[in-house]
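Line order of the protein sequences matches chains A, B, C and D. Counting from 261, one number per residue, gives the positions in the first sequence under the working numbering. Counting from 30, one number per residue, gives the positions in the second sequence under the working numbering. Counting from 185, one number per residue, gives the positions in the third sequence under the working numbering. Counting from 6, one number per residue, gives the positions in the fourth sequence under the working numbering.
No lab work stands behind these hints, which were simulated from the structure alone. Hints are not guaranteed to be accurate.
To be verified - Listed next, the in silico SDA-like pairs over lysine to any residue satisfying Cα-Cα at most 25 Å (straight line):
#1 D/Lys114 <-> D/Asn98
#2 D/Lys377 <-> C/Val401
#3 A/Lys264 <-> A/Thr294
#4 C/Lys505 <-> A/Ala410
#5 D/Lys34 <-> D/Ala272
#6 A/Lys466 <-> B/Ile183
#7 D/Lys114 <-> B/Val306
#8 A/Lys384 <-> B/Val306
#9 A/Lys535 <-> A/Pro395
Since the model is a prediction, treat every value here as computed from it, not as a measurement.
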Amino acid sequence: ADPKLGIVYDAGGKFDKSFNQSAFEGASRFKKETNINFIEVQASSDTQAEQMLRGLARKNLDLIASIGFAQTQAVQKVAKEFPKVHFVLIDGVAQGANVNSVTFKEEEGSYLVGVAAAMASKSKKLGFVGGIDIPLIRAFACGYEQGAKATYPKVEVIQNMVGTTAAAWNDPAKGGELARSQFERGVDVVFAVAGGSGLGTLQTAKEKGKLGIGVDSNQNHLYPGSILTSMVKRVDNAIYDSFMQMKNGTWKAGVTAKGLKEGGVDWALDENNRKLITPEIEKRVLGARKDIIDGKVKVIDYRAGNHCPV
Amino acid sequence: MTFADLHLDSVLVSTVRNAPVLIFAAMAGLFAERSGVIDIGLEGKILASAFVSAAVAFATQNPWYGVAAGMAVSAALAMLQAYVAITQKGNQLVGGIAINIAMSGLTFVLAQFFFQQGGRTPDLGQARLFDVVLPGSAAVEHIPFLGWLYAHLIGGHSVLVYLAFALVPLVHWVIYHSRFGLRLRACGENPHAADAAGVNVERQRYLAMLVAGVLCSFSGAYLAIVQSGFFLRDMSAGAGYLALTAMVFGNWRPVYTFLGCLMFGFFGAVQIQIEGVELPVVGRIPGSLIQMVPYVVTVIVLAGLMAKSVAPKALGTPFVKSR
Amino acid sequence: MNNHDLPRWATAFVLPILNLLSAMLVAAGVIYLLGESPTESLGILLHSAILNPEGLGYTLFYASSFVFTGLSVSIAMQAGLFNIGSEGQMYFGGLGLTLAMLAFDSTLPTWALIPAAIAGAALFGALWACVPGYLQAKRGSHIVVTTIMFNFICASLMNFIIVKYLIPAGEQNTASRAFSDAAAMPLLNQWFPVLGETPLNISFLIALVALVIYGVVVSRSAWGFKLRTVGQNPHAAHYAGIRLSKMIITVMLISGALAGLGSVNSILGSTHYLSLNFVGGAGFIGIAIALMGRQHPLGILLSAVLFGALIQGGFDLSLEKPNIPTETFIFIQGLIILFCGAMEYFYAPAIIAVLKRKKG
Amino acid sequence: MQPAVEFRAISKQFGAVQANADVSFSIAKGSIHGLVGENGAGKSTLMSILYGYYRADSGQILLDGQAQSIRTSQEAIRLGIGMVHQHFMLVENMTVLDNVMLGAEGGFKLAAQRATVEAQLRAICTRYRLDVDPLATIAELSVGAQQRVEILKQIYRSANILILDEPTAVLTAQETASLFDILRLFKEQGKTIILITHKLQEILDITDTVTVMRGGRVIGAVPTAGTTKEELANMMVGRPIENNLPRAPYHPGAPVLTVENLQLQDAQHVQLLADIGFTLRAGEIVAIAGVSGNGQSELMEILAGMRLPTTGKLTYLGQELPYGRRHDADGLPLAFRELGIAHVPEDRLRDGVVKSFSVMHNTILGYQDKLKNRWGLFDFKAIAARCAGLMKKFDVRPANGDLRIGLLSGGNQQKVVIAREVLAQPKLMLVGQPTRGVDIGTIESIHTQLLALRDAGVAILLVSVELEEVRALADRILVMCGGRITGELKIEEFDTTRIGLLMGGMHKS
Ligand SMILES: Nc1ncnc2c1ncn2[C@@H]1O[C@H](COP(=O)(O)OP(=O)(O)OP(=O)(O)O)[C@@H](O)[C@H]1O
Ligand SMILES: Nc1ncnc2c1ncn2[C@@H]1O[C@H](COP(=O)(O)OP(=O)(O)OP(=O)(O)O)[C@@H](O)[C@H]1O
Ligand SMILES: [Mg+2]
Ligand SMILES: [Mg+2]
């Protein structure tokens with residue numbers, strides 16, 4: 261029989277232009293290919309996450325995907341109550357014999373776009389626009405800076421955060437304003453890791469004739485010619501794979517950290533940014549990519565010690 | 030850190046660019062509240078007009094149609110608020126908050142229904158308002174200071190920015206030197222006196238709300254068509270409440286309210302500049318703490334310098350002909 | 185016509201029901217336009233929020249927090265103060281509670297932890313309200329402005345504190361560590377197993393007690409009389425020898441403490457840890473609840489339950505009906521506030537006309 | 006001749022109250038028509054109907070023989086009706102000029118009009134000898150000056166029918182006299198004037214005919230020439246009114262309050278009170294006479310603890326009043342009340358009552374801490390009983406403690422306030438303008454209460470601008486002018502001219 265599947269998005273919702281949306285896309289792809297449906301709900305608070313998870317578990321679902329680290333505790337608790345139901349948690353690590361925790365090495369992907377940014381920049385001043393000042397966002401920033409500095413040690417990275425409330429993910433005006441102010445300080449490439457606010461950043465980059473870097477999904481198509489690349493975080497693949505494994509009976513519990521090697525993160529090169537990525541840039545980025553995969557270069561995860569080496 | 034690190038030029042330009050959202054909404058609130066109707070529903074009207082103006086500008090590929098449509102919707106919401114506050118004599122705070130909450134939900138549902146992009150409208154592309162380039166900007170560009178002043182601080186903004194700044198003297202004149210303003214103030218201060226003097230209080234308040242609705246729509250249009258180039262759910266991000274704050278801060282007077290808006294704009298811009306910068310004495314302030322700068326400044330200014338705020342006396346009380 | 189001419193049963197029951205129906209009618213129209221059946225949707229909503237005991241448990245769980253924020257806004261409103269800061273006060277109250285739990289949850293037993301949590305939450309909530317209160321009382325700084333500012337300031341400060349000090353090493357979640365099992369509010373499902381796995385806990389009972397105390401204090405006590413006098417006529421309050429500034433500060437402290445208590449339900453009742461932006465708008469909903477409930481204890485309770493029901497029912501509905509996004513319920517909340525809170529007398533003329541025709 | 010105004014069977018009901026019942030009478034053109042009646046008789050309601058403020062439930066109004074339906078004040082104004090309301094209808098934070106222009110601006114742009122209107126106003130002020138500065142802000146003006154602004158407004162608009170609802174309630178004798186001069190001028194110009202007042206002497210002085218109302222009905226309409234005060238009073242109240250109330254002989258007891266060298270400066274260092282000194286003894290009523298705005302209000306506020314003096318020694322029953330080391334008067338009135346000082350504030354709507362509270366709750370105001378039990382709660386049964394007793398004793402009408410006090414007539418509100426303060430059994434009673442806007446029947450009862458209090462040994466300090474009232478109540482009279490006491494008289498020396506001179510600041514050495 262077909263597996264019964266479900267997704268619980270976190271407070272950002274399935275259209276957050278970030279990992280929730282990516283998860284939704286992966287599940288949709290699975291649905292299209294297999295014609296197997298899935299149930300989806302959004303949990304606006306941690307309490308609701310638990311409620312939703314339990315609600316879905318009671319429906320005897322086979323696999324429930326929980327998107328976002330905010331659901332960690334809820335997954336842990338509900339997984340214990342329903343040992344027959346399988347869970348996959350994105351961006352967090354939960355204990356349990358029936359839980360597969362998937363985290364991503366955002367720092368590795370960010371490193372690559374940092375390399376590309378440092379090379380593409382003429383002023384050697386790079387910008388970073390984050391949503392809220394939390395460890396996850398700092399991991400992006402830190403990887404980005406490592407990549408940039410490894411390429412061009414004197415490069416300067418200016419960082420700004422949009423805000424401190426949930427509104428910080430949906431404030432394109434502020435996202436744009438931060439980019440503008442960075443441009444006025446000489447920045448010419450900006451990496452936007454701020455959900456919907458980041459769209460304002462990319463839009464401003466296009467308007468001002470500067471370069472933007474997208475995040476999570478491949479955002480190159482948004483403003484072809486002015487988005488240098490995107491740091492893709494393949495939550496979609498993670499979900500798609502989980503669902504597939506469930507269908508094929510190969511699903512396994514455990515903890516997976518997906519980096520470049522595992523195809524969890526990457527940079528995006530397609531027809532939309534082909535012209536921006538010169539052969540030198542491409543060569544350098546691919547080189548760095550290989551070094552990381554081979555373990556020659558070790559990108560430090562901000563979250564490991566709560567500090568950034570550069 | 031040196032003075033140059035402050036990037037004062039960038040801060041000033043940023044202030045000019047950020048203030049219009051607040052100025053339009055605060056001036057809107059001023060009209061409503063000077064007539065005696067509390068307008069806590071600015072946020073909802075901004076959001077509604079942002080959505081409608083982006084959607085219409087996209088559909089017609091003409092930003093002006095977008096602005097006009099936003100105006101119509103924001104005015105219609107203001108009329109609903111007026112009907113609640115004036116005709117139904119309902120609680121004005123409740124009416125305003127209801128509009129805020131309802132619009133937060135409805136704009137998302139509609140945006141999703143029409144565009145299927147997760148509560149976002151498509152990018153407006155060319156259907157945005159143009160920036161005004163003052164004649165001869167290119168020529169003076171390289172002259173130190175003056176070039177910057179002319180081409181970047183004064184010139185180079187969207188038409189709506191100029192409208193916002195032009196609005197301030199205009200509102201001042203209307204409030205203090207026109208018949209409309211005289212009656213408006215009388216209705217907000219002592220509607221019974223206005224009524225006894227032959228002023229139709231309800232009509233005056235409806236008119237005030239209409240003006241408020243129209244002015245507020247520019248705020249939304251500016252956010253969507255000028256600043257962002259698309260609509261995004263909940264993109265007003267508290268601008269309506271901040272505008273209301275600027276108005277109270279300015280003691281319900283146009284020029285002081287305007288200064289309040291500039292202050293928010295200015296400290297918002299300063300906050301961007303000092304994020305991550307090594308400051309004298311305090312050193313590097315963590316990003317999340319930097320975010321509170323504009324708000325802390327407001328509280329300090331309010332507590333330290335300003336005299337007691339005096340709201341229009343009849344603010345919030347429906348006009349009932351009885352003692 | 186005059187609204188005061190209406191009989192009591194009409195203002196107390198007929199009008200609210202008609203208003204609720206109107207809001208539901210508009211909502212039904214929207215649901216219909218979204219391509220779903222309104223009657224079926226309403227059925228699901230009702231079943232999931234009220235009829236199904238577990239759903240009711242959740243409804244009341246959400247309502248418990250709302251009662252506290254509603255009370256927080258209401259009590260300040262009695263003194264003529266519009267406290268928009270309950271959101272921040274509840275958030276900061278959560279910090280107080282968390283600090284108390286982090287310090288004692290491994291050493292103290294449950295019966296001591298709960299009072300400690302309540303004290304911590306109330307203390308920190310009050311602390312966050314005291315500056316705006318003081319500035320209003322002594323400097324005349326407008327409370328609406330200062331409390332809005334303090335919401336923003338609180339968000340920044342909490343962001344800083346949680347990220348910098350509270351996230352346990354190696355954790356992703358932007359939250360403090362989970363407290364020990366001792367630090368949990370007793371759940372009501374111990375006594376009422378029918379409630380199933382709901383986080384409904386004794387906070388609900390505390391909320392009910394708080395409502396009763398609020399009602400008695402406001403309308404039957406000398407202090408409440410002073411409070412209302414300050415709100416209705418500050419000149420007369422001064423004449424009566426009521427200390428205006430002390431009253432303003434005191435009531436803001438109480439208001440902040442009540443908002444802070446809202447965090448006990450959501451943290452100790454359910455998540456057992458403090459997370460970023462955990463308040464999620466409960467403070468702002470408190471404003472709507474206070475206004476809709478007319479600052480009356482029963483009104484506050486009913487509005488809180490109504491909002492809880494919408495949140496709870498909305499989930500299940502959006503689960504069953506994928507065409508109806510959760511945001512639809514935000515819109516419906518707005519409609520209900522509009523019809524029941526702001527246009528409460530919309531149908532009064534019609535009812536008066538009907539009554540007159542019957543008499544005449 | 007066609008009457009200017011004719012009321013035909015006007016009825017108006019507010020809830021259970023029949024404010025006007027079948028009111029019919031007419032007013033001759035070019036006459037001054039008096040309208041008298043007890044508080045709540047329905048005078049203001051009737052005039053509000055004429056001014057389009059309320060709509061009558063039934064009945065008709067004819068102007069110059071034409072039936073008119075006046076639905077709004079705009080329509081009334083267009084028909085040439087002007088009204089000076091019982092409670093001023095002025096926008097306090099605007100100038101006199103703007104207040105006059107409001108509703109009659111003459112164009113969208115004010116700037117051009119302002120200059121011409123200002124010139125016109127100055128001309129009117131000279132012509133009618135009105136002392137008003139068109140550029141002054143209303144809030145800065147004394148009550149008398151505000152009254153003049155109301156008159157100015159009507160002259161400017163040249164109303165043909167002018168309604169004046171208790172215009173003299175807050176005026177001094179001189180101000181009243183100059184108002185009447187203006188009214189006579191109007192009359193010469195052929196205007197019709199309707200004057201409502203509780204002061205029967207004024208009716209006799211200026212009106213041509215007078216209509217008496219009671220309980221919403223017209224009791225009688227008589228030519229002024231053929232009537233007397235006693236007859237009018239009798240028609241109004243339904244019983245004769247005693248002018249000279251009996252009182253015990255003057256035997257003052259020990260000093261209750263001694264004021265020495267009291268000074269008061271405001272934040273701008275303007276001297277509001279200077280060198281005030283007097284002694285008040287048990288069992289006497291000392292009245293402070295004077296034109297309002299000469300510091301009486303401030304003196305009362307200081308004595309009630311609502312304001313701090315700048316310097317001065319105030320001794321109450323042998324101990325100094327507790328102003329010391331306070332930087333504001335927050336909460337001080339309570340301490341004073343506990344010492345046995347009761348206070349009937351002169352602005353009862355602002356200070357004395359909470360309009361939205363019931364009568365019963367208003368009887369608690371100021372004594373909330375005395376009436377609570379040890380749990381801090383009220384025993385509403387006892388309080389309701391207390392309120393009922395108090396309403397009965399002081400004849401508050403309607404005797405319903407659950408009614409919002411805002412719905413009571415001014416006189417009845419005042420009775421509630423006085424009753425509340427008397428009930429506290431004070432040793433010192435401060436009374437400000439106790440009968441402002443109050444009908445003669447109620448004045449009589451309020452005066453009786455105050456005299457009874459004096460006879461019981463309470464020291465009473467009375468501030469009143471009504472010399473009639475001062476004469477009826479006082480044992481001694483202090484006259485204030487410009488923040489100083491300009492003279493002191495015993496009641497036997499009562500002499501209107503001499504008091505008038507002292508009120509004008511003229512010392513008689
Ligand atoms: N808007 C109203 N709502 C309810 N009752 C009212 C209203 N206005 C007046 N009344 C009642 O109608 C009656 C007549 O009031 P009105 O003000 O006309 O009396 P009045 O003769 O002018 O009294 P006064 O001498 O005190 O001015 C009173 O009993 C009053 O309480
Ligand atoms: N319509 C009214 N009915 C009753 N009292 C009124 C009315 N209008 C004003 N008052 C009050 O009457 C009092 C007299 O004010 P006024 O300014 O003329 O002189 P004052 O009180 O003697 O002295 P000061 O102006 O220094 O306070 C004020 O307290 C005012 O608030
Ligand atoms: Mg009257
Ligand atoms: Mg009166």
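Quick rundown of the hints versus the structure:
no.	hint	in the structure
1	D/Lys114 <-> D/Asn98	holds, 20 Å
2	D/Lys377 <-> C/Val401	holds, 12 Å
3	A/Lys264 <-> A/Thr294	holds, 13 Å
4	C/Lys505 <-> A/Ala410	violated, 51 Å
5	D/Lys34 <-> D/Ala272	violated, 52 Å
6	A/Lys466 <-> B/Ile183	holds, 23 Å
7	D/Lys114 <-> B/Val306	violated, 52 Å
8	A/Lys384 <-> B/Val306	holds, 18 Å
9	A/Lys535 <-> A/Pro395	violated, 34 Å
Hints 4, 5, 7, 9, counting from the list given before, are not met by this structure.
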